[in-house]
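> Sequence:
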Amino acid sequence: MFHHFVGCGIRCSILYGLEGVPILMLTGLTIVFLGGDARQVEVINKCVELDAIVRVVGFETLESPLTGASLETLTPALLQEADVIVLPVVGCNDQGGIAAPFSTTDLVLKKEMFAAIKEETLVYTGMAKSYLKRMGAEYGFRLIELLDRDDVAIYNSIPTAEGAVMMAIQNTEITIHGSNCIVLGMGRTGFTLAKTLQGLGANVQVGVRKEADVARAVQMGWKPFVATDLNAYNSAIDLIFNTIPTMIVTAQIISKLPRQAVIIDLASAPGGSDFRFAEKRGIKALLAPGLPGIVAPKTAGIIIANTLCQSILEEFHLRGDEE
0 MFHHFVGCGI RCSILYGLEG VPILMLTGLT IVFLGGDARQ VEVINKCVEL
50 DAIVRVVGFE TLESPLTGAS LETLTPALLQ EADVIVLPVV GCNDQGGIAA
100 PFSTTDLVLK KEMFAAIKEE TLVYTGMAKS YLKRMGAEYG FRLIELLDRD
150 DVAIYNSIPT AEGAVMMAIQ NTEITIHGSN CIVLGMGRTG FTLAKTLQGL
200 GANVQVGVRK EADVARAVQM GWKPFVATDL NAYNSAIDLI FNTIPTMIVT
250 AQIISKLPRQ AVIIDLASAP GGSDFRFAEK RGIKALLAPG LPGIVAPKTA
300 GIIIANTLCQ SILEEFHLRG DEE
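Residue numbers (numbering that gives the first Met the number 0): 0 to 322.
A hint or two may mislead.
[What the hints assert, rightly or not] Below 27 Å or equal to it, Euclidean Cα-Cα: the simulated DSS-like pairs (lysine-lysine) are:
| id | residue 1 | residue 2 |
| --- | --- | --- |
| 1 | 283 | 222 |
| 2 | 194 | 283 |
| 3 | 117 | 128 |
What the hints contain is simulated information worked out from the structure, not anything from laboratory work.
Throw the hints in and build the complete structure from the sequences for me.
If you want it as structure tokens, here you go:
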């Protein structure tokens, strides 16, 4: 059984399965994908599966064909006809450049491209840098950052934690079991990572900033300390995992670390560690943002696909209610 609704001239459908469970359908929506890595392939396939009209730019060299999607060239006309535009997780840089590893040409979103986007068009990305935000404000289209959502961040913390553990195993000569680990920050990624390390038998200390996080750490069986007091806790450490995007693993901290210690920085570039001094002292320090797309692109893509489709349905359903 189908239920249809119309929002701003767009007809979407909800298909009800045998048990009455609603299945999101995107019938009638034109969705344009601009660049992206292996994660984006999963999102494209999901939108095709849900009956959207899917046009893609920057996938000429992809080995597996994108069945049901049409390969296009980036033009203002293409963007003008879009109901939804999907950019890569990293959005675009401050020159409008789009990450497109499967493209034969450089993809650049110039001002005339943004000018062609209709005000009612939804533009999705993982995270938007200043240029993209500025273009959204100037030309009036709706910009939605999926990585701002708590559910996406929590789901993404799982492949991030697994990737961090993988890096730790690859770059040390000891087991995680029995190792002394510090996790800096107890947000979504820090919490999942600390729990994962604990499950592998590590001795886990967590650097926190809030009283509530102290209580949560104690409840989980971890040893909490105030993150800014790291200098007092780093003398017998094997692994430091940082999730705080400001400088916290300073030269002073690194100077007291054991030589065999490894720093794995999961914060957004440029991270929160003094990589220059770590190299000078001979301590391995690795900046590793964006691990979900590297270690588990299929899972990361499915997370984005499900969230994107849910958001699209909600947005157009709301428009239909308003009309």
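> Work down the list of hints and note, for each, if the structure agrees.
Here's how the hints hold up against the structure:
1. Proximity of residue 283 to residue 222 is assessed by CA-CA distance (about 24 Å); at most 27 Å being required, the pair is judged to hold.
2. Annotation: proposed proximity of residue 194 to residue 283 holds, straight-line Cα distance about 24 Å (limit 27 Å).
3. Straight-line distance between C-alpha atoms of residue 117 and residue 128 comes to about 21 Å, which keeps the hinted pair within the 27 Å bound.
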